[in-house]
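Residue numbers (the working numbering), protein chains in the order written: chain H, 1 to 113; chain Y, 1 to 115.
Hints may contain errors.
Facing chain Y, from chain H, some residues (calculated, C-beta under 7 Å) [stated by the list, open to error]:
1) Pro40
2) Asp55
3) Gly98
4) Gly104
5) Gly106
As a list, the in silico PhoX-like pairs of lysine-lysine whose alpha-carbon atoms are at most 25 Å apart [claimed, not checked]:
6) Y:Lys16 x Y:Lys78
7) H:Lys5 x H:Lys68
8) H:Lys54 x H:Lys94
9) Y:Lys62 x H:Lys100
10) Y:Lys15 x Y:Lys71
11) Y:Lys62 x Y:Lys15
12) Y:Lys71 x H:Lys100
13) Y:Lys78 x H:Lys100
14) Y:Lys62 x Y:Lys78
Calculated from the structure, these hints are not laboratory results.
Note that beta-carbon positions come from the ideal geometry of N, C-alpha and C, so glycine has one too.
Residues per chain, in single letters:
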Amino acid sequence: DQQVKQNSPSLSVQEGRISILNCDYTNSMFDYFLWYKKYPAEGPTFLISISSIKDKNEDGRFTVFLNKSAKHLSLHIVPSQPGDSAVYFCAARKTGGGNKLTFGTGTQLKVEL
Amino acid sequence: EAGVVQSPRYKIIEKKQPVAFWCNPISGHNTLYWYLQNLGQGPELLIRYENEEAVDDSQLPKDRFSAERLKGVDSTLKIQPAELGDSAVYLCASSLVAGANNEQFFGPGTRLTVL
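Bound-form chain Y, shown alone:
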């Protein structure tokens, strides 16, 4: 069974440019998460989807970040415009359903470098 797929794996951009990350969760997983992991820190939740609905986006900086999961399967996270402080690893995870002790499976992440 394929795991969580993320692309690109690495992205280098100049500040003020837009960038987008893509995630395909494990088949059948209704819940999708985007996490931000800064160097030396643990992952921090940005947004959680249940099917196509964003049910927790309280930690998403909405002035420059946006996300979508139009058909309840794969998802895109966008930053526009990117700032130097956005350099980090962006992790996507999925689980069967939220609200239960369901394991979250993580993708390999996208490492973003903003110059």
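Just chain H, with the same shape it has in the complex:
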């Protein structure tokens, strides 16, 4: 039962353009969402998060949007840079879950020159 889904295994964009990575979830108890970025041979690193009481959170070039009614969130990267090429994981957590994260399967982003 995949509670967090990233339906696009890969995405390719040109440098300077916008990258949009999508994530869907099924468990309505999730109330906090995170994006992690992972380079090869490294562990995931935290990128940005959003609480379910918000619909947008912005940090520099990265913005996360949350649509609770659709159980959908997206990560926007503007402008995309070659160093953004990595695997991006969406993760979700629920209150009382002890900080347990449920991850999606990841999206491989490639930013081309």
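Go by the hints and put chain Y onto chain H.
Chain Y alone, transformed into the frame defined by chain H:
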């Protein structure tokens, strides 16, 4: 500040052999997590410790997997005996405390190959 340290980084063993992974969390982090990441999948939680207590081990296959965090600092995850399907990356993470919006910091992982 040092991040989460894991060793070994890579391990190749034959099936039915035992294997152990070690993790040293970030200093001061009370909560430690072990995750399993299969190829093409996201990390899945195996066990979570708060200090030396395993507070969530519901996803740990207890017939062959065991873990310990004796002094509430570093931790060891063991598989005995290993099976072919155990080939994966084993990630360790730590955070200040659980139950709050505290970021989990991940180590680089141990890539296990079972032949």
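Practice problem: Run the structure past the numbered hints and jot down the numbers of the failing ones, going up. | Solution: 1, 2 and 10
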